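From first to last, the protein sequence lines stand for chains A and B.
Sequential numbering from 1 applies to the first sequence in the working numbering.
Sequential numbering from 1 applies to the second sequence in the working numbering.
To be clear, the hints were calculated from the coordinates, so they are not data collected in a lab.
Any given hint could turn out to be false.
Residues from chain B shown here face chain A by an in silico Cβ test under 7 Å; the list is partial [said to hold, decoys possible]:
# : residue
1 : 100
2 : 175
3 : 179
4 : 182
5 : 386
Here are the simulated lysine-lysine pairs, PhoX-like style, with alpha carbons at most 25 Å apart [stated by the list, open to error]:
#  : chain 1 : residue 1 : chain 2 : residue 2
6  : A       : 67        : B       : 175
7  : B       : 474       : A       : 375
8  : B       : 73        : A       : 67
9  : A       : 195       : B       : 73
10 : A       : 31        : A       : 2
11 : A       : 91        : B       : 175
12 : A       : 141       : A       : 195
13 : A       : 381       : B       : 474
Quick caveat, the model's predicted, so the values are computed rather than measured.
We treat Cβ as the ideally placed atom computed from N, Cα and C, and that holds for glycine.
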Amino acid sequence: MKYTLIKAIDVAGLNFLTPVVLLCYGEEPAKQLREIGRYIVLPLLAVAVAVGVWVLVAERIQTKSGKLPNPAQTWSAASAIWTFHLREEDKADAYLAEGSNRAQMLDETEARLAKLEAAAGIIESKLSSSQADASAAVDAKQSPAEARVAKATAEITRARSRREEALLRLAQKLPAGSPEGKEQLVGYVRAHEAKKQLEREELKALRDQLAAQQAGAKPEVERWTRLQSSVAEEQQYLAKKADLLAGANRAARLDREKAQLTEAEQELLAATGADALAAARRVERAEGRIASVAQSAYAQPATLPFQTKRSVLCVFCGFLLGSAIAIPIGILCGLSKTVMAMATPFIALLKPVSPIVWLPVALIIVSGFIPDPDKNPLVQKLWALPWMGDYKINPAFIASAITVALCSLWATMTNTALGVASVDKDHLNVARVLRLGFWDRLFKIVLPSALPLMFAGLRISLGVGWMVLIAAELLSSSEGIGKFVWDQFNNGASDSFAKMVVVVFEVGVVGLLLDRVMIVFQRLVSFDGAPAAI
Amino acid sequence: MPNSLRFATPLFCLLLACCQGCGTKPAEVDLSVLADLEKELAQGPAGATAAEPTSLSTRKQQRTLDLEKDALKLGFIKLTDCAPIVIAKEKGFFGDEGLQVEVIAQPNWQTLLDNVISGELDGAHMLSGQPIAATIGIGKQEDIFTAFTMDLNGNAVTVSNAIWEQMQENEPRLKQPRPEHPISADSLRPIVEDMLAAGQKLQMGMVFPVSTHNYELRYWLAASGINPGMYSPSDIAGRTDAQVELSVTPPPMMPATLEAGNIQGYCVGEPWNQQAVAKGIGVPVTTNYDIWKNNPEKVFGVSKRWSDENPNTHVAVVKALIRAGQWLDAVDPSGDLVNREEAARILSRPDYVGADFAVIKNSMTGHFYFQKSDKRAMPDFNVFYKHHCTYPWYSDGVWFLTQMRRWGQIAEPKPAQWYEETARKVYKPEVYLKAARILADQGLIQEADVPWETDGYKPPTDEFIDGVTYDGRKPLEYLKAHQIGNQD
């Protein structure tokens with residue numbers, strides 16, 4: 001049991017758990033505790049320190065275009081994203097609800113709406129009273145400050161006009177000629193202008209102070225405003241949900257369409273001649289509408305969980321495509337020095353090309369093949385797939401996947417070539433002695449010994465692909481994490497930056513998981529159980 | 001390990017087979033019955049029975065349009081004037097037409113247009129200049145139709161605090177908490193000249209080469225004798241002879257770019273001017289309401305191909321948009337806009353415009369902050385329905401064409417007739433009127449809300465910042481009336 005566990009931990013690359021397991025079995029407790037201290041406690045401490053630094057830094061970095069969100073704001077942004085997702089799911093369910101379930105949901109929604117209505121009234125009155133308090137407080141501080149600014153302005157204006165007057169008098173006294181006197185005059189003017197500049201700055205500083213005072217924090221007002229916002233948002237969501245449960249519900253729409261069909265059918269029975277034809281047309285049309293309503297779903301906006309899944313799907317598509325290209329070429333390069341020499345210029349030339357360059361190229365090529373996605377047979381087939389169909393694969397998705405493939409295949413290709421080229425000469429000699437054919441030699445000798453390096457390459461490729469994908473989605477506006485980030489940037493709301501920080505963590509976690517999956521594969525194929533780098 | 005490779009091939013084949021198998025096919029209709037119909041025809045003409053259907057059934061036919069497509073994807077840019085599309089979805093106006101509509105944010109105007117052209121989107125919130133430019137082939141050529149104008153006004157020109165202070169120095173009249181409007185670029189000209197003398201050029205931002213913002217900013221500058229530069233086939237940045245250089249910056253990046261000092265001012269839609277005030281990095285000096293009173297701003301565009309394939313769906317979409325515009329401009333007896341706060345709440349959702357509610361609310365409820373100390377009522381800052389604004393006016397199209405010619409985006413002089421023909425190619429009042437007719441018959445809009453009898457040209461107006469008269473029927477005279485830019 002113990003050894004199975006340790007083996008499993010080792011394969012999964014979670015070696016920091018080994019001392020815990022050993023400790024549970026009571027093996028060398030002092031040594032295990034030391035190990036735990038080094039591999040678990042210290043990293044956790046480092047995380048805690050990092051969070052502390054984050055809090056401190058977040059307080060200091062506050063520019064006009066935004067401020068760095070602190071952990072608490074990030075957490076609340078994450079829950080806002082999640083709430084939005086849950087609400088949209090809920091609306092989609094509401095659209096499909098039927099029968100007694102629908103009636104019950106409608107009742108609950110309306111009860112909640114009534115409760116919120118009452119709450120909104122109370123919040124409104126609280127908000128206005130707190131606003132009145134806050135503005136009274138500001139006014140109390142404001143008037144002396146305003147007086148200060150006014151006084152300073154008046155003083156400066158007076159001083160300035162006095163100086164102007166003096167300059168004029170001096171100028172009038174000077175006769176024509178007299179270069180020295182004129183020189184002096186220019187000096188005075190220069191000083192005067194410099195002084196003016198200083199005064200302007202002084203006034204500006206005073207005014208800024210005043211504005212800062214005005215804009216100063218009003219915690220009470222902010223608290224009620226936030227509450228009001230969240231109540232109003234919930235109200236809006238519930239109102240839409242109630243609508244989706246009542247008139248706009250699928251079952252309700254179907255009932256209406258069916259009633260129209262019955263009506264049309266009755267008319268058809270009664271009618272003759274051209275009227276009968278018109279009624280027959282109506283029947284046909286009503287049937288068509290019933291079919292399309294019965295299949296319809298709530299047009300749900302993409303939420304982050306959906307976008308994440310789509311991104312992961314996209315990165316795997318690109319990764320598989322890239323591997324399918326890279327592995328055969330890599331094997332050929334490894335087997336033959338000639339092929340390697342021929343391929344080298346291409347690899348060297350194309351490897352450093354940025355995803356930003358590949359993406360437009362891929363987009364142009366893909367949209368050349370798929371001019372009208374709604375009618376393209378390939379796209380239609382992809383949409384009809386049982387599980388992948390939900391992700392609505394479109395040209396932007398395909399172009400992003402191709403970009404991922406083009407950027408990520410190099411690591412796999414070079415590693416495969418290296419792995420194949422460095423097969424033990426003895427093994428190859430044995431193969432020669434046994435007179436193995438090309439394919440047997442490839443599958444029995446070369447590939448098995450190249451696999452560990454190949455998987456190391458695949459692991460790097462997947463990591464690169466994941467990084468590239470976010471940028472590709474951002475540019476191609478393919479629904480995914482990249483698009484989420486760009487949308488948030490475009491929103492420019494007060495919590496947009498916090499939502500982007502949430503994405504930083506999300507991308508990191510997903511990337512980590514992908515990497516772990518590859519580590520498991522890599523260990524499974526390593527004969528010597530060589531420890532993979534973390 | 002090699003064994004697993006042997007399994008891979010059949011597995012792959014299996015997967016392919018799955019893909020082949022699970023394509024859903026619609027129920028097949030038995031086409032052989034058509035042969036019977038042929039026989040019927042052979043027996044002789046239908047004769048007297050082919051009379052017009054009675055009026056009762058025509059009315060019933062109109063009640064629900066025969067939609068060619070009922071699941072649509074519409075694109076928009078995160079600006080408050082996308083409101084008609086968002087409202088039509090959220091308030092169920094699309095649903096009333098039997099449409100399930102997905103509303104998808106687009107990263108920039110170019111991608112939005114590309115997606116409409118490629119068929120990825122069925123239609124989109126577009127700059128007024130975009131359908132025209134695409135149709136006459138500035139950039140990518142594709143025939144784009146518009147049958148619905150989304151709104152009037154809604155933009156402003158913002159300058160950085162430093163420029164604003166210098167403008168105040170040049171024009172002491174501006175030095176008060178609530179300076180008198182409109183503010184022209186006269187007080188900006190000495191700054192531009194000083195910078196030119198020092199070998200520098202003032203940099204300003206706008207959102208797209210054929211955007212309303214570009215033309216408005218150019219109009220404002222040129223009205224005070226500042227040359228914003230000419231486009232030419234060899235200068236697609238439009239900087240030939242420029243005294244002020246304009247560059248394209250995506251709307252959301254305007255405030256950050258201004259603060260970074262790369263530009264000293266910009267012209268953009270909401271909420272990005274109010275953001276500059278809220279963050280204290282710039283001062284909106286003029287709105288486009290002052291540059292041209294009640295100017296057309298955004299349109300709803302679809303590709304010609306799409307419109308030809310889905311004529312009834314197009315009418316249904318326009319119906320829903322007209323009702324959304326009406327909802328947005330609904331007023332109570334005292335003349336206050338009643339639905340705008342709710343609209344601002346909806347627009348502030350992260351999948352729509354997504355900016356803070358308070359910021360969106362400012363302009364949407366008819367107020368505009370020019371400075372923190374200067375909040376003014378601007379009931380017509382966004383117009384979605386009043387003044388027959390949703391109608392696709394030919395004269396609007398002609399105005400944009402004159403601006404494209406004025407600044408050299410149209411390289412050769414064109415005859416007056418060309419302007420009219422091009423406007424007719426893009427603006428489709430027939431679709432609009434069809435939609436409006438049904439709505440009026442259903443009693444959902446007033447007869448007076450629609451200019452039924454118009455020839456598509458608004459009456460001549462001189463409500464521009466420079467007082468020049470614009471008559472859509474005389475584009476060449478209008479071009480001649482300006483000093484800066486092409487005059488023919």
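Going through the hints against the structure:
1. 100: 5 Å, holds
2. 175: 11 Å, violated
3. 179: Since the shortest Cβ distance to chain A is 16 Å, the answer is violated.
4. 182: 25 Å, violated
5. 386: 25 Å, violated
6. 67/A x 175/B: 31 Å, violated
7. 474/B x 375/A: Violated, because 44 Å separates the two Cα atoms, which is more than 25 Å.
8. 73/B x 67/A: Between residue 73/B and residue 67/A the Cα gap is close to 35 Å, so the pair fails against 25 Å, i.e. violated.
9. 195/A x 73/B: Measuring from Cα to Cα gives roughly 62 Å; hence the hint is violated.
10. 31/A x 2/A: Holds: residue 31/A and residue 2/A sit about 17 Å apart, inside 25 Å.
11. 91/A x 175/B: 53 Å, violated
12. 141/A x 195/A: 30 Å, violated
13. 381/A x 474/B: Distance ~53 Å between residue 381/A and residue 474/B Cα, so the pair is violated.
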